[in-house]
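Colleague: Taken in order, these protein sequences are the chains called V and F.
Residue numbers for the first sequence, in numbering that gives the first Met the number 0: 0 to 79.
Residue numbers for the second sequence, in numbering that gives the first Met the number 0: 0 to 502.
What the hints contain is simulated information worked out from the structure, not anything from laboratory work.
Check before you lean on any hint, since a few could be wrong.
[As the list claims (entries may be wrong)] Derived lysine-lysine pairs resembling DSBU-like cross-links, with alpha carbons at most 30 Å apart:
1) K216/F to K73/V
2) K77/V to K274/F
3) K274/F to K329/F
4) K393/F to K478/F
5) K216/F to K478/F
6) K73/V to K251/F
7) K72/V to K6/V
8) K316/F to K61/V
9) K77/V to K251/F
10) K216/F to K72/V
11) K316/F to K6/V
12) K61/V to K274/F
13) K77/V to K216/F
14) K469/F to K439/F
15) K6/V to K485/F
16) K73/V to K274/F
17) K329/F to K6/V
18) K216/F to K61/V
19) K308/F to K329/F
20) K469/F to K6/V
21) K393/F to K6/V
[What the hints assert, rightly or not] Quick look at which bits of chain V chain F covers, simulated, 3 or more residues with Cβ under 8 Å:
22) 16-29
23) 53-59
24) 63-72
Built from N, CA and C at the ideal position, the CB exists for glycine as well.
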Amino acid sequence: MEDQILKLIQDIGNNGENIGPEQELLESGILDSLAFITLLEEIAVRWRIEIQPTQVPPEEWKTVRSITRMLEKKMVEKIS
Amino acid sequence: MMLLERIWENLRKKGEACAYCCEQERISYRQLCQWTGRLCAYFKRHYHRGNPILVYGHKQPLMAVAFLSCAFGGFPFIPVDSSTPFERLKAIMASARPQTILAVDSISGLAFSKLSKEKLEEICEKGAEIELPYPDRTPDEIFYILYTSGSTGFPKGVMVTCENLDSFVGWMAELFPKPPAVILNQAAFSFDLSVADFWPALAWGSEEYVICRQMQKEYPLLFSTLERSSMELMVATPSFASLLLMDQSFCKDRLPSFNAVFFCGEPLPPGTAQKLLERFPGIRILNAYGPTECTVAVTVAEIGPKEAKLPLLPVGKPKADVKIRIEKNKVPVEDGEPGEIVILGDSVAAGYVLEDPSHAFGRLEGKRSYHTGDIGWMQNGVLYCAGRCDQQVKIQGYRIELQDVEKNLCALPGVDQAVVVCREAADGRALRLIAFVIPKQEDPPTRAEIQALLAHRLPDYMRPSIQLIKNFPLTENGKCDRKRLKEIANGRSDFEIDSGYRK
Chain V
0 MEDQILKLIQ DIGNNGENIG PEQELLESGI LDSLAFITLL EEIAVRWRIE
50 IQPTQVPPEE WKTVRSITRM LEKKMVEKIS
Chain F
0 MMLLERIWEN LRKKGEACAY CCEQERISYR QLCQWTGRLC AYFKRHYHRG
50 NPILVYGHKQ PLMAVAFLSC AFGGFPFIPV DSSTPFERLK AIMASARPQT
100 ILAVDSISGL AFSKLSKEKL EEICEKGAEI ELPYPDRTPD EIFYILYTSG
150 STGFPKGVMV TCENLDSFVG WMAELFPKPP AVILNQAAFS FDLSVADFWP
200 ALAWGSEEYV ICRQMQKEYP LLFSTLERSS MELMVATPSF ASLLLMDQSF
250 CKDRLPSFNA VFFCGEPLPP GTAQKLLERF PGIRILNAYG PTECTVAVTV
300 AEIGPKEAKL PLLPVGKPKA DVKIRIEKNK VPVEDGEPGE IVILGDSVAA
350 GYVLEDPSHA FGRLEGKRSY HTGDIGWMQN GVLYCAGRCD QQVKIQGYRI
400 ELQDVEKNLC ALPGVDQAVV VCREAADGRA LRLIAFVIPK QEDPPTRAEI
450 QALLAHRLPD YMRPSIQLIK NFPLTENGKC DRKRLKEIAN GRSDFEIDSG
500 YRK
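If we strip away everything but chain V, and leave its shape as in the complex, we get (with noise of 0.2 Å):
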């Protein structure tokens, strides 16, 4: 999953080509809004998960390792 949100970030970010799994994303600008609201529609089309902004602390959104962490807690929740 780490990689395919690697892989997607570095599509959708802002200047994010060259990002790795634990680099900072927030202050960076790399996530930014626009990249923001495409992540979260790619993550209901392939994960079926609806992320609602409000419920995720921004520290799990800053690097690629902390939001496949996010999401993994996430299916382990829908499944159980």
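Got chain V sorted already, so can you dock chain F onto it with the hints?
Modeller: For chain F alone, coordinates are given in the frame of chain V:
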């Protein structure tokens, strides 16, 4: 000036009512009046009326005091958001030649006359009470100067007069016969969309509630702030509304007083309007259109459930003192035929600070005129806008001249040539800038090096992704094939990009 007379009255009679709210800081009309009185008096003692003052900062309450003090004192002000890179700020300084800078946010490394935040606070808060003078501005005086992307690679300053702004705020008052009590501001003050909330709010004696940069990135905080604001009217770009609509809590139950939205700055997608109407039944959606050169907006359409189903939303009817003319080769066309949108009348600004070779400003039919470069048509007195006839793009409401980005790229050491194109969404909306760069043969820079250098020159919304390339694809007559590059950027064409440079 009608606007300042209204504000002068509100400052004196509204007392403890909140005038401006930024995060936890609230400033009442009484306090705003007191601070503006002192700061305005200081300006009058130290500066020359009519010469511009640059106001550098974000959305601190002191910014509001600074704007008002300039307005009442007779100083054109230049709002520059503190996210602006240093080189861009220097370019603005060189063009506008301000007599001083009000550094509400600190600026390092600039040897220029400045008033620091501490000094400004000292002037505002200490000393005897000084009565705010009754406004004495004349219609032709410059009220503010806003800088926008220019195709020369330098930002260009648009000079808006007292008459222009009076006309705009008067029109807003007609659109809102019952003024909203709390107005939400999204845009930075260097973006003229903010003029549509800041000045009407104070003219109405309402509360201007601002959302600062940091808050726009922290969604839980952003939404709780929206709830706390009790906003009635929101002034925003459609992109911002799309973002809010991602969350189900952006709904009537949570924001019961929210009943109107004023959109300007970029096309409003019908889907965004439909969703808004679903979440906030009965909400008034005002879809406005206008360039910075014509004082924020000159036409507006009310988008109800019926209109929201149209594939292209209208931008509406012009305000009473403005005429829209659609031209092809400088000749007006028939109703319904597309052409360049030309704006005539009182909203047309005084011009650019420096002369503009495009001669977009002029006179037509005995009125001031401005050739917008936007393509549109009129149908039954209603304007529709559909794109540009040049290389200007709008990304999330920010107006960007592709040549501006290209010229700044070419000014970097190690860059030989550069062409910037847009990656677009399926509906044609510009999403991202992609730069194809031919590096100099000697010691070619990496993409990261180019990025780092560009960050000193351009604000983040203007910075493209970099694609290094050995040669541009050429058209049959040997010119760089922009269309082809655009197709490559959008993944519709496989030009062999030489990756030999990529490090």
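Colleague: Indicate, hint by hint, whether the structure satisfies it.
Modeller: Hints, verified against the model:
1. K216/F to K73/V: At roughly 22 Å apart (the allowed maximum being 30 Å), K73/V and K216/F satisfy the hint.
2. K77/V to K274/F: holds, 27 Å
3. K274/F to K329/F: With Cα atoms ~40 Å apart, K274/F and K329/F exceed 30 Å; violated.
4. K393/F to K478/F: Given that 30 Å is the threshold and the Cα spacing comes to 25 Å, the pair holds.
5. K216/F to K478/F: Given that 30 Å is the threshold and the Cα spacing comes to 42 Å, the pair is violated.
6. K73/V to K251/F: holds, 27 Å
7. K72/V to K6/V: holds, 20 Å
8. K316/F to K61/V: violated, 44 Å
9. K77/V to K251/F: holds, 28 Å
10. K216/F to K72/V: Roughly 23 Å between the alpha carbons, so the hint for K216/F and K72/V holds.
11. K316/F to K6/V: violated, 45 Å
12. K61/V to K274/F: Distance of about 29 Å is within 30 Å: holds.
13. K77/V to K216/F: holds, 27 Å
14. K469/F to K439/F: Answer holds: K469/F to K439/F is near 10 Å, not above 30 Å.
15. K6/V to K485/F: holds, 22 Å
16. K73/V to K274/F: Holds - the C-alpha atoms of K274/F and K73/V are around 26 Å apart, at most 30 Å.
17. K329/F to K6/V: With a Cα-Cα distance of about 48 Å, the restraint between K329/F and K6/V is violated, given a limit of 30 Å.
18. K216/F to K61/V: holds, 11 Å
19. K308/F to K329/F: violated, 34 Å
20. K469/F to K6/V: holds, 26 Å
21. K393/F to K6/V: holds, 26 Å
22. 16-29: holds (count 4)
23. 53-59: Coverage by chain F holds here, the residue count being 5 at a Cβ distance below 8 Å.
24. 63-72: That given contact is violated, which follows from only 0 residues of the stretch 63-72 of chain V lying within Cβ reach (below 8 Å) of chain F.
In summary, the numbered hints that this structure violates are 3, 5, 8, 11, 17, 19 and 24.
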